[in-house]
Amino acid sequence: MRHPHRFILLTVLLATIIALPASGQQRRWTIGMSQCNLGEPWRVQMNADIKKAADAHPELTVIFKDAQNDNLRQGAHVDEFVRAGVDLIIISPKEAAPLTPPVRAAFKKGIPVIVLDRRVLGNDYTCFIGADNKRIGRAAGAWIAKLLGGKGTIVELKGLMTSTPGQDRNAGFREGIKGSGLQIIFEADMKWLEPNARREMESALARFPAIDLVYAHNDPGAHGAYLAARAAGREKSMKFVGIDALPHEGQMYVKQGLLAASFEYPTGGREAIENALLILAGTAVPREITLRSRVFTKDNLATGGEWLSN
Amino acid sequence: MASASNHPVIRALLSLALVLAVGALFHADGAFFQWDTHRDMLRGVSVFGILACGMTLVIIAGGIDLSVGSILGACAVVFSLLSIHQGLPAAIAIALTLLLGTACGVVSGSVIARFRVQPFIATLAMMVFARGLAKFISGGQKISTAVQIPDGSYSYVEIPPVFDMIGARIAGDNIAVVTLVMLLSMAVCGILLARTTWGRQIFAVGGNEEAARYAGIPVGATKVLAYGLSGLFCAVAGICQAAQELQGDPEAGSTYELSAIAMVVIGGTGLQGGRGSIWLTLLGVLIIGYLEKILSINAVGEEMRLMLTGVIILGAVLLQRNR
Numbered sequence: 001m002r003h004p005h006r007f008i009l010l011t012v013l014l015a016t017i018i019a020l021p022a023s024g025q026q027r028r029w030t031i032g033m034s035q036c037n038l039g040e041p042w043r044v045q046m047n048a049d050i051k052k053a054a055d056a057h058p059e060l061t062v063i064f065k066d067a068q069n070d071n072l073r074q075g076a077h078v079d080e081f082v083r084a085g086v087d088l089i090i091i092s093p094k095e096a097a098p099l100t101p102p103v104r105a106a107f108k109k110g111i112p113v114i115v116l117d118r119r120v121l122g123n124d125y126t127c128f129i130g131a132d133n134k135r136i137g138r139a140a141g142a143w144i145a146k147l148l149g150g151k152g153t154i155v156e157l158k159g160l161m162t163s164t165p166g167q168d169r170n171a172g173f174r175e176g177i178k179g180s181g182l183q184i185i186f187e188a189d190m191k192w193l194e195p196n197a198r199r200e201m202e203s204a205l206a207r208f209p210a211i212d213l214v215y216a217h218n219d220p221g222a223h224g225a226y227l228a229a230r231a232a233g234r235e236k237s238m239k240f241v242g243i244d245a246l247p248h249e250g251q252m253y254v255k256q257g258l259l260a261a262s263f264e265y266p267t268g269g270r271e272a273i274e275n276a277l278l279i280l281a282g283t284a285v286p287r288e289i290t291l292r293s294r295v296f297t298k299d300n301l302a303t304g305g306e307w308l309s310n
Numbered sequence: 001m002a003s004a005s006n007h008p009v010i011r012a013l014l015s016l017a018l019v020l021a022v023g024a025l026f027h028a029d030g031a032f033f034q035w036d037t038h039r040d041m042l043r044g045v046s047v048f049g050i051l052a053c054g055m056t057l058v059i060i061a062g063g064i065d066l067s068v069g070s071i072l073g074a075c076a077v078v079f080s081l082l083s084i085h086q087g088l089p090a091a092i093a094i095a096l097t098l099l100l101g102t103a104c105g106v107v108s109g110s111v112i113a114r115f116r117v118q119p120f121i122a123t124l125a126m127m128v129f130a131r132g133l134a135k136f137i138s139g140g141q142k143i144s145t146a147v148q149i150p151d152g153s154y155s156y157v158e159i160p161p162v163f164d165m166i167g168a169r170i171a172g173d174n175i176a177v178v179t180l181v182m183l184l185s186m187a188v189c190g191i192l193l194a195r196t197t198w199g200r201q202i203f204a205v206g207g208n209e210e211a212a213r214y215a216g217i218p219v220g221a222t223k224v225l226a227y228g229l230s231g232l233f234c235a236v237a238g239i240c241q242a243a244q245e246l247q248g249d250p251e252a253g254s255t256y257e258l259s260a261i262a263m264v265v266i267g268g269t270g271l272q273g274g275r276g277s278i279w280l281t282l283l284g285v286l287i288i289g290y291l292e293k294i295l296s297i298n299a300v301g302e303e304m305r306l307m308l309t310g311v312i313i314l315g316a317v318l319l320q321r322n323r
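Order-wise, the sequence lines are chains A and B. According to the working numbering, the first sequence is numbered sequentially starting from 1. According to the working numbering, the second sequence is numbered sequentially starting from 1.
By construction, these hints were calculated from the structure, which means they are not laboratory data. Cβ coordinates follow ideal geometry from the N, Cα and C atoms, glycine included.
These stretches of chain A come out as covered by chain B in the derived footprint (C-beta under 8 Å, 3 or more residues):
(1) 181–188
(2) 195–201
Pairs of lysine-lysine residues, derived as DSBU-like cross-links and limited to a Cα-Cα distance of at most 35 Å, are as follows:
(3) A:Lys-134 x A:Lys-65
(4) A:Lys-146 x A:Lys-134
(5) B:Lys-135 x A:Lys-52
(6) A:Lys-51 x B:Lys-135
(7) A:Lys-65 x A:Lys-51
(8) A:Lys-236 x A:Lys-178
(9) A:Lys-255 x A:Lys-191
(10) B:Lys-135 x A:Lys-65
(11) A:Lys-134 x A:Lys-108
(12) A:Lys-65 x A:Lys-109
(13) A:Lys-298 x A:Lys-236
(14) A:Lys-255 x B:Lys-135
(15) B:Lys-135 x A:Lys-191
(16) A:Lys-236 x A:Lys-134
(17) A:Lys-134 x B:Lys-135
(18) A:Lys-298 x B:Lys-135
(19) A:Lys-52 x A:Lys-298
(20) A:Lys-108 x A:Lys-52
(21) A:Lys-255 x A:Lys-51
(22) A:Lys-178 x A:Lys-255
(23) A:Lys-134 x A:Lys-151
Part of the chain A face toward chain B, derived, beta carbon under 7 Å:
(24) Gly-39
(25) Pro-41
(26) Val-44
(27) Arg-207
(28) Pro-247
(29) Met-252
The whole structure should be built from the sequences, with the hints applied where relevant.
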């Protein structure tokens, strides 16, 4: 071979010619997304995040199904995705035990499964993406202790205490304020609901003349507490902190100056699509992805919040 | 058996006195003796009390309305959408919302009267439909002062003054506007039931439908009116709910129908129909309201609250039973 460089050039040219139509060809992937229920704004946001991320990739089609808080229906949705021959399944399961068998069956058939937010049992899935409520609660506790200078009275309005997020946001917070002089003077279960939070806060206001801060397990709870304090003319004498930080909810309350801070509980929608693309391209992804979370205050809202150190 | 203790109003007052006695005993460092506590309790039960007005009419007419919570949600969303996002004048937004609520009730009533569908089933269908409507109109999001602009980000609009007006307190900060709305609703119901022909007809239809028919009472129209008014009160409650939350939540009012029914029944209006009064319902509203308030100011845990509430509801109903 007298002219090796010419041969290389030819090969590259040939390869390019062969590869061109292949890359131009729109490889359409279909992703099935099973949401356990769309009754919560946070889950509506999760679907919106997935849609937004997927819309940036014309080769992706996402089919959304809403199980309306029904384990059996959600299991049936997974089976339907398998039969429809989707290329990948994203599932945010309602409960672990009842949804493990359908997810396992799909995974065993060779369909990659990304599990979002809540878990399934065992190891038969490709990747789990979720945030850590305990860590967020701990960060909130530490942040509040710093804000109040290590002493003060707190009202804690808890999410549903029979649910794991409620338990973790409570336990994490207690760890976060441990060792400080903060004192929880009133706590009540408001079951994630704003009207309940308002009623419980009214009781706290009736009993305690001095409250420094209200820590609510979600932003609607913090907002309900704010409304109660405002009705009593005491909203200026205390601060309000919530969790979730949805753009149109917690972040907006922070922007309006109602909440001192809102801690983000990320939906993982964007990350699910990013990892789905990697999986579909044949790249290995970590089995466990813990989402990082941000704190939004009036000062950092414009710059996209501040990332919490892990 | 005409002894005073057999009168339903006396029995309801007895239950209320018992609950109040518990409150005086467990007063939570004196919180129970502050007027603010009572004022806040009244504010808290107002939306339920307004729903209970319509529920009382329907129950006296021999029916039941499971759709009140969902219609409340749909109306809260529509009212918020019209007044916050569309910027319509308050009067028009209120009128259109009242129209929507009434229409929902009239549909239920017509289905029950015309097609002889059981009230439980017909209003169950409306309950599911209206919740769907609330979610459809709102796109699953709360309708608040955060308005999404086409690029996906949010801008912030001012809350219309009507929200602050309805959510406010008057008379030297001593009573919530929504509480006055509840009392006004009850007065309207009271006059309607006690002083009008239609009121007598509703008792007649609930007491014995066949007899009412033979007596020439327009049974179908009476039922449509009862459910239509129930829908109207749902709309009033929805507007009050939205005004207090400063937003229209498509999930608003979930399970409120159960509280409304409990309030009516604890007051002493029997589910068999043909008997009862709005004043009994007012007592029922106060009994449940005080019960929740006392448990709340004492920061009683959720488990104990549910168990105690169950026991006390049963006790109150047993006390109300005709002997």
